[in-house]
Amino acid sequence: MTGQATKVLAVIVALTAIAVIVPNTNSFVILLTTRALAFSILVMSVDVLLGYTGLPSLGQAAYLGVGAYLTAILATRYQFGLGYDFWLVVVFGILIAAVLAAVFGLLAIRASGVYFLMITLALGQCAWGLAYRWNSLTGGDNGINLRGRPKFGIDLANEVTFFFLVFGFFVVSLLLMYTLVRSPFGRSLTGIRERELRMKILGYNTWLHKYVAFIIAGGFGGLAGVLWAHTAGIVSPENVVLTTSVDALLMAVLGGAGTLVGGVIGALIVFGLREYLSTLVPWWQYVLGSVYVLTILFLPTGLMGIPERIRQRQTLSGKREDVKEIAPVTS
Amino acid sequence: MNTQFWLIQAFNGISYAALLFLVGSGLSLIFGVMRIVNLSHGSYFLLGGYVALSVIWTTGSWALSLPLAALSIAAVGLLMERIFLRPLGFDPLRQVLLTVGFAFLFQQAALDIWTGNNFDINPPEALTKTIVVGGLFLPLYRIFMIATAAAIGIGLWLIMEKTRMGAAVRATVDDAQMARGVGIDTSRISMFIFALGALLAALGGVIGGAFLGIYPGLDFEMLPIAFAVVIIGGMGSLGGAAIGALLVGLADNFGKALFPEVSYFTLYAPMALILAVKPTGLFGRE
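Top to bottom, those sequences are chains V and E.
Residue numbers for the first sequence follow the numbering used here, so the first one is 1 and each next one is one higher.
Residue numbers for the second sequence follow the numbering used here, so the first one is 1001 and each next one is one higher.
Don't take every hint at face value.
Stated by the list, open to error - Some chain V residues close to chain E (C-beta under 10 Å, calculated; not the full set): (1) 125; (2) 209; (3) 250.
Said to hold, decoys possible - Covered by chain E, per the in silico footprint, the following chain V stretches (three or more residues, Cβ under 8 Å): (4) 109-121; (5) 241-249; (6) 277-289; (7) 294-306.
Keep in mind the hints are simulated off the structure, nothing from the lab.
Quick caveat: nothing in here was measured; it's all calculated off a predicted structure.
Glycine included, every Cβ here is placed at the ideal spot set by N, Cα and C.
Build the full structure now, drawing on both the sequences and the hints.
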């Protein structure tokens, strides 16, 4: 069995475990996992940009925000999206976020590296500013409260049903993004990450590649937003603020950039620390901050990089022993 | 909307710009020298204000709080650069992420030490008066802010343009590798600049604390605005930071006064446009 097949199998086993174990636990764990899974769609979209294209986006919360606000506004003002039309809202949420990404991308894709980070930050702040100040549409600082989740054949107000819905969306997103990054298109994104100039010389339209990746990531951000609105039951400028974008980026790095599933691990850990540890101790944020700092200092490849590191160390020490054995013979 | 309105708004905008210059110039210099965006810059601003509060509570002296807060936060910046950022070598993305991690740590520390209450830093009586110039009532404190920022700006400019140290900093901004090649200790320069940036941000926190207040969350509110200043002006350029501060200060004030619903949009949208057209900012060097 090749390395990749082992990894895929491990992910399948882990996902099955989540699907089997979580519904049988208490409602706290179910809610926490639902939140983490919904948010990790956003984290994976960050990873497509950061890990596979080399674009550190610090404004990804804008797409989550636009999807979430769309869901909330449609549901509270027009009673739309609370039955079977929920699926239309999903489509609209993805589309509106993709359109926003298409507009933002025109401005952002020109830049790279730290400049890209800053321009996406600026664009994210534009979205936040609108959410925060456009009282008549967004409810300003108070945000919008959603009354009840959609009901179509199945009742999503039920925690377990809703968990499985989010889980389903998560698995589909993971599959789609996995297919994307392993497609020829995804490979050329990785090429751009490694060395853009060479890809240009080889005749690739690197701008268009990055632009399309940016739009796709935005679309997934919108999907995360639709799910988030129904998960949290409230949409507020908190969801669009800079720290949410920062969270998404740090979760991707914590789990391991360029691994997709790493983002889920990052999201689960951060949500776990934030929502579970915060009920136990007042100093939980020190733990969170330290986890970030230590990961960046000592684990640049993230948590998903640990097995690889251990293997490298083993092969390294193995080689050294080989050298010792061979050395006397040759001398 | 008479002349008075425009003049008062312009004056308020300029005094806010003075504060933004203090925060933005440090951020800009740090970017120029180290090629990183310091996402804990807002935390330095907030911590500066908090340290000043503690000094005022214990000694009762506002004048003493200025240097003490500035120097202690400069020390924090210096330690952070030496212990955590420097060992990462030249890896901007990781360094940037590290500064966010610290921003979270500082946030929690501030909450623990100074609680979650809102505080105001009260300047001395002499500065709370209002003077009348041509029929306009101008708070003396805002004039003091403008004067302080102008003095610091001119001082920084003189250091950068006229001293050997300044020349070394400029050389590092232009081409760090070349600067190292001709024997400039760029590691020491970045340590010095990072501490200086922290000092300026903390100073801004003390001065700004009088009319913004000091409260949790101010750090992540100040950060993007400081970014706007630096991005519009161009990273690594002092003159750019001054122009950027003026533009942002005025845009923010007039935006809030004229179009309150979209005021943040009027602030960040021009910034995104400028970046899109000229990624290095108006006065940035390639």
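Against the structure, the hints:
no.: 1; hint: 125; in the structure: 4 Å, holds
no.: 2; hint: 209; in the structure: 19 Å, violated
no.: 3; hint: 250; in the structure: 6 Å, holds
no.: 4; hint: 109-121; in the structure: holds (count 9)
no.: 5; hint: 241-249; in the structure: holds (count 5)
no.: 6; hint: 277-289; in the structure: holds (count 6)
no.: 7; hint: 294-306; in the structure: holds (count 3)
The structure shown violates just one earlier hint, number 2.
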